[in-house]
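Model the full assembly from the supplied sequences, consistent with the hints where possible.
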Amino acid sequence: MAETKVKEQNTVASVENPELPVDPNWEPVIVGILCNWCSYAGSDLTGTSRIQYPPNIRIIRVPCTSRIDPVMIVKALQTTGDGVLVSGCHPGDCHYITGNYFSRRRFLVVKQMLWTMGYHENRVQFSWVSAAEGAKFAQVVTKVCNDVKALGPLHRFKKEDIK
Amino acid sequence: MNYSKQIQDIAVRLFTENKIDVFVGYRKNVGDDNQTPFIFKNPALCDKLVFTEKSTHNLTNYLTNETTKSKKVGLVVKGCDSRSLNLLLTEGQVKRDNLYIIGVSCDGCVDEKNEKEARCIACVMQSPVIYNEMLGIEKEKKTYTIDADLLKLKHMSLTERADFFTEMFSNCIRCNACRQSCPLCYCDKCVIDQDSSLYHNGANTTSNAGMALMTWYLHLAGRCVDCRNCERACPQNLPLHLLHKQNEMVIYENFQNHQAGMYEKDRGAFYKYNLSDPDDFIM
Amino acid sequence: MAFSIFHISNDELHKLYEDIIKNNETYAPVEHSGDYKFKKVNSLKECNTDAPIKTTASVKPLFFPQTSAIMHYSEDAKGIKIDDPKEDVLTHKKVILGVKHCDARGMQVLDSVAKWDWQDEDWIKRRENTVIFSTLCVTPENTCFCTSLDYDVKTTDAYDVLVVNDGQKKLLKVCTEKGEQFLEPYTGVLTKLNGEGDAKLKAEFTKFKNAFHLKMDYKEVNAKLQGAFENDGWDFESARCVSCSACAFVCPTCHCFKISDEKVRDKGVRYKSYDSCNQKYFTLMAGGHNPRTQKYRRWRQRGMHKFVYYKERFGVNLCVGCGRCTVKCPVNISIFEVVNNVANNI
Amino acid sequence: MEVLLKPEICTIQEVIQETPDVKTFRLKFKDDSIMDKFTWNPGQFVEFSIIGSGECTFCIASSSTRKGTFDCSIKKAGLITADIHNLLDVGSEIGIRGPYGNWFPFEEIKGQNLLYIGGGIGLAPLRSLIQYTLDNRKDYKDITILYGARTSADMVYKKEIEEWKKMEDVNVILTIDKQEDLWFDNVGVVPKILEEKVHPDLSCTKVITCGPPIMIKYTLMSLDKMGFAPKDVITTLEMRMQCGLGKCGRCNIGSTYVCKDGPVFTYEQMKKLPDEF
Numbered sequence: 000m001a002e003t004k005v006k007e008q009n010t011v012a013s014v015e016n017p018e019l020p021v022d023p024n025w026e027p028v029i030v031g032i033l034c035n036w037c038s039y040a041g042s043d044l045t046g047t048s049r050i051q052y053p054p055n056i057r058i059i060r061v062p063c064t065s066r067i068d069p070v071m072i073v074k075a076l077q078t079t080g081d082g083v084l085v086s087g088c089h090p091g092d093c094h095y096i097t098g099n100y101f102s103r104r105r106f107l108v109v110k111q112m113l114w115t116m117g118y119h120e121n122r123v124q125f126s127w128v129s130a131a132e133g134a135k136f137a138q139v140v141t142k143v144c145n146d147v148k149a150l151g152p153l154h155r156f157k158k159e160d161i162k
Numbered sequence: 000m001n002y003s004k005q006i007q008d009i010a011v012r013l014f015t016e017n018k019i020d021v022f023v024g025y026r027k028n029v030g031d032d033n034q035t036p037f038i039f040k041n042p043a044l045c046d047k048l049v050f051t052e053k054s055t056h057n058l059t060n061y062l063t064n065e066t067t068k069s070k071k072v073g074l075v076v077k078g079c080d081s082r083s084l085n086l087l088l089t090e091g092q093v094k095r096d097n098l099y100i101i102g103v104s105c106d107g108c109v110d111e112k113n114e115k116e117a118r119c120i121a122c123v124m125q126s127p128v129i130y131n132e133m134l135g136i137e138k139e140k141k142t143y144t145i146d147a148d149l150l151k152l153k154h155m156s157l158t159e160r161a162d163f164f165t166e167m168f169s170n171c172i173r174c175n176a177c178r179q180s181c182p183l184c185y186c187d188k189c190v191i192d193q194d195s196s197l198y199h200n201g202a203n204t205t206s207n208a209g210m211a212l213m214t215w216y217l218h219l220a221g222r223c224v225d226c227r228n229c230e231r232a233c234p235q236n237l238p239l240h241l242l243h244k245q246n247e248m249v250i251y252e253n254f255q256n257h258q259a260g261m262y263e264k265d266r267g268a269f270y271k272y273n274l275s276d277p278d279d280f281i282m
Numbered sequence: 000m001a002f003s004i005f006h007i008s009n010d011e012l013h014k015l016y017e018d019i020i021k022n023n024e025t026y027a028p029v030e031h032s033g034d035y036k037f038k039k040v041n042s043l044k045e046c047n048t049d050a051p052i053k054t055t056a057s058v059k060p061l062f063f064p065q066t067s068a069i070m071h072y073s074e075d076a077k078g079i080k081i082d083d084p085k086e087d088v089l090t091h092k093k094v095i096l097g098v099k100h101c102d103a104r105g106m107q108v109l110d111s112v113a114k115w116d117w118q119d120e121d122w123i124k125r126r127e128n129t130v131i132f133s134t135l136c137v138t139p140e141n142t143c144f145c146t147s148l149d150y151d152v153k154t155t156d157a158y159d160v161l162v163v164n165d166g167q168k169k170l171l172k173v174c175t176e177k178g179e180q181f182l183e184p185y186t187g188v189l190t191k192l193n194g195e196g197d198a199k200l201k202a203e204f205t206k207f208k209n210a211f212h213l214k215m216d217y218k219e220v221n222a223k224l225q226g227a228f229e230n231d232g233w234d235f236e237s238a239r240c241v242s243c244s245a246c247a248f249v250c251p252t253c254h255c256f257k258i259s260d261e262k263v264r265d266k267g268v269r270y271k272s273y274d275s276c277n278q279k280y281f282t283l284m285a286g287g288h289n290p291r292t293q294k295y296r297r298w299r300q301r302g303m304h305k306f307v308y309y310k311e312r313f314g315v316n317l318c319v320g321c322g323r324c325t326v327k328c329p330v331n332i333s334i335f336e337v338v339n340n341v342a343n344n345i
Numbered sequence: 000m001e002v003l004l005k006p007e008i009c010t011i012q013e014v015i016q017e018t019p020d021v022k023t024f025r026l027k028f029k030d031d032s033i034m035d036k037f038t039w040n041p042g043q044f045v046e047f048s049i050i051g052s053g054e055c056t057f058c059i060a061s062s063s064t065r066k067g068t069f070d071c072s073i074k075k076a077g078l079i080t081a082d083i084h085n086l087l088d089v090g091s092e093i094g095i096r097g098p099y100g101n102w103f104p105f106e107e108i109k110g111q112n113l114l115y116i117g118g119g120i121g122l123a124p125l126r127s128l129i130q131y132t133l134d135n136r137k138d139y140k141d142i143t144i145l146y147g148a149r150t151s152a153d154m155v156y157k158k159e160i161e162e163w164k165k166m167e168d169v170n171v172i173l174t175i176d177k178q179e180d181l182w183f184d185n186v187g188v189v190p191k192i193l194e195e196k197v198h199p200d201l202s203c204t205k206v207i208t209c210g211p212p213i214m215i216k217y218t219l220m221s222l223d224k225m226g227f228a229p230k231d232v233i234t235t236l237e238m239r240m241q242c243g244l245g246k247c248g249r250c251n252i253g254s255t256y257v258c259k260d261g262p263v264f265t266y267e268q269m270k271k272l273p274d275e276f
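Quick mapping for you: the protein sequence lines, in order, are chains X, B, S and R. Here the first sequence stands for residues 0 to 162, where the numbers follow numbering that gives the first Met the number 0. Here the second sequence stands for residues 0 to 282, where the numbers follow numbering that gives the first Met the number 0. Here the third sequence stands for residues 0 to 345, where the numbers follow numbering that gives the first Met the number 0. Here the fourth sequence stands for residues 0 to 276, where the numbers follow numbering that gives the first Met the number 0.
Source of the hints: derived by calculation from the structure; they are not laboratory data. Where is the CB? At the ideal position from N, CA and C, for every residue including glycine. Hints may contain errors.
Unchecked claim - Chain B regions said to be covered by chain S (calculated; three or more residues, Cβ under 8 Å):
1) 19 to 33
2) 53 to 61
3) 167 to 175
4) 201 to 215
5) 228 to 237
Said to hold, decoys possible - Residues of chain B clear of chain S, computed beta-carbon distances all greater than 10 Å:
6) THR15
7) ALA43
8) LYS47
9) SER104
10) ASP110
11) MET133
12) LEU134
13) ASP148
14) GLN258
15) GLU263
As the list claims (entries may be wrong) - No farther apart than 30 Å at their CA atoms in a straight line, the calculated lysine-lysine pairs in the DSSO-like style are these:
16) R/LYS216 <-> R/LYS158
17) B/LYS151 <-> X/LYS74
18) S/LYS44 <-> B/LYS112
19) S/LYS223 <-> R/LYS259
20) S/LYS177 <-> S/LYS44
21) S/LYS279 <-> X/LYS157
22) S/LYS38 <-> X/LYS157
23) R/LYS27 <-> S/LYS80
24) X/LYS157 <-> S/LYS266
Structure representation (structure tokens):
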């Protein structure tokens, strides 16, 4: 009894749904979908430069951000992810010349659609991180991680038992 | 709005001139006043064709399946249907030479209760944008308005919206009627169908239904022409158009007022880009 | 054996229903945005036992849920562990009110597939523990044709009790031993009819039968369809089908299912869920061979299974004539129309 | 129903790479008491469940006379079979339920000459009956095995075929579709070799055949030509199945449930089915 009380005191209200308390010790799972040529190399640089960033991110490497079917983002949220970070080359720097211009359009639509469906806007975030921006990558991951931490675990539309 | 006689005459003419093998039109339903798609190869059946404000189905759906594949087809389209036809043509699903398109300048369709359909009130393109022959008077393109239901949804709080969609997905029976009725869903093997695929599962749980519908929405973003074949088809009467309208709105507002299928050779919004597309949401 | 027939006033019937709901786990049609679904109810106010058939989902999910878990499992370094099955709430003793008589018949028809060879224990238990109160429709819809098929509403024992309208009063026709036993504690409010009950029922049934728009000669259609495998009518009739599974999922007698796995990390569930022969992938085999690639082949399977094959195998017609598929079809294909047209297209 | 669909856990004892895309898995139930109770007749099939992937139907390719383990030969063809090939190795656990379906009429064909005609992976269901008949050799008269494959590399059970060849009372005829180096047996498609090399006694010979649909089609035509009565030709039908219990409706052809009334049919029975193939 005493224990639960302590626990309750330690929780903070979720930004997404104030009625749901969040345990501050809870660690989210962030699915990071990174483009091979910039962001993935950027994350490598973060590591080799020994810059600290939260270990919550699970990285999936894709050839280009335009290879990402928005369904992948939705799928990540449906299974294990509490948040998704998609990162690619800066506009104009795409290894395949125009890939990220196409994906930029999709990102906007998928972000808005998920928001309309009741996902908090911070659940899905996008960034441009070049291969030289190791420090930026650490910043981005830290920001996404903190944002999702404030939202609490994602329960909505998760795989669950039968209706 | 009644073009039954004209369409019958045209169909007879096309059959006698040997211009078509199959005709896709509407006929009256047996048993009630509604109409149903009518696909036939026998010229003698032409007199069953009708076209009134009850002709609501989008017949371009039939162009991509086996009934009409690689045959010469005569087809009736309204304004909205012609837009999806444009997309099918640009996406290489049908050959223009195989089609004889009878465009009808439409005044709006009515539903089962004889009230004008919501989509027709907000319709932007009542006259067909592609046709061989047009019936009725050509009408001007109307200005885009945001869907009233969508606006209502937008004013809800985040949790209310989430509840709304959880409710919607939990009512879905996953019969795939929406996908099958959609003229732009022509894939031979749909990613939703593949059992034990990475993305989808056949079991009907709320999350699986949601996943399937979200996939469908995202694959139709920038291509949906708001014919609402899906919503009419849904046996559970789910408000399927909402997220289509949402995507349409985002695309219209952000990508140079793009509306799907308005011109011949027009591609979906995601097949092109602009250097000045918004990216302020990206870190 | 002749079972009792009772007379009861509308108010008394409501009271009887209230009593039943109070004493039993009861399911009845509950409205949800215009549509009715069978759900557990706690009072008569929540439900509508006279819900129209057009908008009422069939009672099938109470015996054969759309999705049910076969097993839960987990996997670790030691191997696979299959969890013990959870309790099946549908096998509890329950009463269902307001079942359409065609639905009840559908459940009876499905008994034969559940009970041949391998015994479907769950189904049998669910059936045995359920008392079905059926309501005879007042006016048939223009899509219904239940009276044209191979069973007689007058004599069938697909339901335990049938409620028939008789002016201001209701007739309760008990059809099975189970129904008789169930009604025993409630006989206080019921007036037993002897000779005149049969006559009254007969009049009501005749009235009911005459009200139908759709009528066919079942024997003739069945006989003609047996030779209709190569009939090109299937092609013509199925041309406008969009190959969705709405018809199968709302049908009270479609019983095909698929088995699919869903695993996240090391835990998973195996589901059994509805499937439909109208889908292209239904018979697709590994390696790409598919005997039913064309729409007309799939429709032929559907039509013939409903009207010929099942009868051939189990002696009953699979279609019960509720007309739900016609109502829910995106392009208004009516199975009545299709089988009649094919049968007469020689 | 849910209880009937629950599998028992099996461990893979051995994996044999037969051809580039066929592997034979030797299986054993984790629980020995189930293994003891598990009996099957040649021609029956089991449902494989790969945890996380799904279920798939395979016939048992070994005879119940060789107890202790059972074999299934699997060709990589679809999603689940690809998972089987890629994910499973010795020691992996899978679920098995079964055996289901009917079997080759091994009692009725006693005292007869047997002619086995197999093509490609189609030897797998035959192997179960071949093993059975070899183990009860005295009950049967002449045994002829005609086996064809596209190339010599596509032949399954190579070791076992060599053993059969060495047996004096078994006549083995092998063929491949096109001539290869170092191939000294017959060349040509199965129906052609059948007509050329096999001269059976029509009065007391039963034909048991299994293979790809196109081979079956022409083999049946050849057998007709040779004068076999349809009731003497036994074959297996291929149809997608899921439950194996005659409930799920997937394998329905006419009023027949292939999973329950089949998969073994005589040519005579097959002719009566609606022509869906």
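Problem - Hint check, failures only - result: none
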